[in-house]
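2 protein chains.
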Amino acid sequence: MIFGHGDDLYNYESIEHNFSSNVWQHPDHSGLYHHLADHLPLLTTYPEPDAESLRVLIAQTEGIPANNILLTPGSTSAIYLLASDLLSVDGVGVVPPTFSEYKNACQLNKFNRAKISDVLRTDFDSYVYGVSALWLCNPNNPDGYTIPRNDLLKIIKKNYLVTFLLDMAYRDFTNVPMPTAAELLRLKNVVAIYSLTKKYSIPGLRIGYIVAQRELIASLKNKIMPWSINTLAIEAAKYLINNKVNPDIKTILAETKRLWAAINNLNGYEALPTSTNFFLVRIDFSDSTTLKDYLAREHKILIRNASNFEGLNNSFIRIATQLPDENAILVKALNQFSQLHHDKP
Amino acid sequence: MIFGHGDDLYNYESIEHNFSSNVWQHPDHSGLYHHLADHLPLLTTYPEPDAESLRVLIAQTEGIPANNILLTPGSTSAIYLLASDLLSVDGVGVVPPTFSEYKNACQLNKFNRAKISDVLRTDFDSYVYGVSALWLCNPNNPDGYTIPRNDLLKIIKKNYLVTFLLDMAYRDFTNVPMPTAAELLRLKNVVAIYSLTKKYSIPGLRIGYIVAQRELIASLKNKIMPWSINTLAIEAAKYLINNKVNPDIKTILAETKRLWAAINNLNGYEALPTSTNFFLVRIDFSDSTTLKDYLAREHKILIRNASNFEGLNNSFIRIATQLPDENAILVKALNQFSQLHHDKP
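Taken in sequence, the protein lines are chains G and H.
Counting in this note's numbering, the first sequence runs from 1 upward without gaps.
Counting in this note's numbering, the second sequence runs from 1001 upward without gaps.
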């Protein structure tokens, strides 16, 4: 287990505006709450051992057979499970900066002795050398960089000897075309990871899934614990899928564009390009630790200190778009911090 | 993951009386449901990475330091986690018949090549030979056999070179004196496993914990996934502990005694001794598969076919006590099945 992820909200007493998590903070879950309140006695029964009914529902939604899917308690859990199955490969690559759990999961699984390489994005222009498996987050956390469908499929096909461990947690939060699970499944060298946490804003419930060739799914299934998705999580996911409680991506991305431009207009901040609802900001006059403390203390705002992403440093923060009013509060607070510094004698 | 556990209720359409699970089926959770309904928005926030607040609360309740505790998503998950840490030991013992996940967890962790031995209960009279770690379920599933506090401590102290992996999931469902977690912690060669599932009748939520020396807890913590207990589960557990929503053991055990005697009085059934709220029954005129099917089909009653416990066979079922009215219905149905057979020409 590593600490220092985003959404360390529980460490703060009085945060009012949370820009720290890249989970969309403003879903309309009134219908879900009503439904779950009626189904709370489910907590007195064991879950289905492998969440069968939810697995079948997700398979229908993705248009793939149910035995190509394995549900996991969150997509991070899927990452650890896959890492434990990679022991036989020669070398594993990651593309920094990216989600730190890929490396961590490999290291926990005795990969300290094997080779974990950094693969640069520019490497995709030709072939990916030196690794037999590659972790790829698309859209990427923390910067929102996204390889579009056609390019992604081309890269995967070209590198047919490399197994792509493709984390699609943020696929629903971009306008960039994404391959479907069915398309990925037809390429034999892809294992795709999905997150209901991100899609439905339910990080508290812990549900993700892996889409892969059925032989791999069968082998992973032997390694997973029975009853690993809890009954309330299963019930909630079924409700959300059946009732199509999807986020309003168009509005979220339009607001991201506005927030991104507003921050870029401030003195001393550079917002880096993104294709999704979160993005990196580089500070040129202070550091991310000082800024994070200032925003929490003076403005009850929580941001993500991005300095612990490999390849980044103490000049980077990550911001996830919130509602227009909150975004305005953030921009004002960032501006105040900049003025405090630039007014110094 | 293995299948064939108890409480396969989800496989049946029309069961009305469930004697199959050894989780107490009749908790009063009205207060819990009210509390959770008010806290459903917790599902939109990440859990604390290691369920810190619940861990501290459990530590206070057990009277031990919080860094001697690791929370796990159910006690089965604790078993798998411990098995993955046992690779370096010479040989592991189990005491059949017992919960099948001990062996399964060891086998999944490459123990097929190492030695997994069966240790007989009578071995405890002298020393336990040939193993360096021993799985011990006390009270034991499936038969309710329970080693009392003083004897248990004596056995553990005597075999100081053996690590006891002591599953205490059912400790709250017996009148037999049990050692406290603090007492077990003082013996360096015990790792204890606890289950909130059993104590509070919340199998749907998945919460268990390990009590052990802090060095082991620290090492196990590195292997567990972040956010492995979901927010609703944490909130529910805190409510149940703070409000002391404990089962009425005295009444449950008195009713077990009545049900046990009533079954023993029937023609062709032998109820085996137990110290808890569930027990084995041996059938001498038919088999457990036929009986289970008959009860489900004709009486909407679900029982546990105990034939897949190692050391048992198709003559054994497991019964967990329910409310007096339901128990009477079971006794009547068992009697009818017996009469059907004994009336045959």
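It is worth saying that the hints were derived from the structure and are not from the lab.
Note that this is a predicted model, so its numbers are computed, not measured.
Treat the hints with caution; some may be incorrect.
[Stated by the list, open to error] Only pairs whose alpha carbons sit at most 35 Å apart, straight line, appear in this in silico DSBU-like list of lysine-lysine:
1) G:K300 x H:K1300
2) G:K257 x G:K103
3) G:K188 x H:K1238
4) H:K1292 x G:K221
5) G:K223 x G:K257
6) G:K103 x H:K1115
7) H:K1257 x G:K223
8) H:K1221 x H:K1292
9) H:K1115 x G:K221
10) H:K1238 x H:K1103
11) H:K1238 x G:K115
12) H:K1154 x H:K1103
13) G:K103 x H:K1158
14) G:K221 x G:K244
15) H:K1221 x H:K1332
Query raised in the report: Any of the earlier hints contradicted here, and which numbers?
Result: 1, 3, 5, 7, 8, 11, 13, 15
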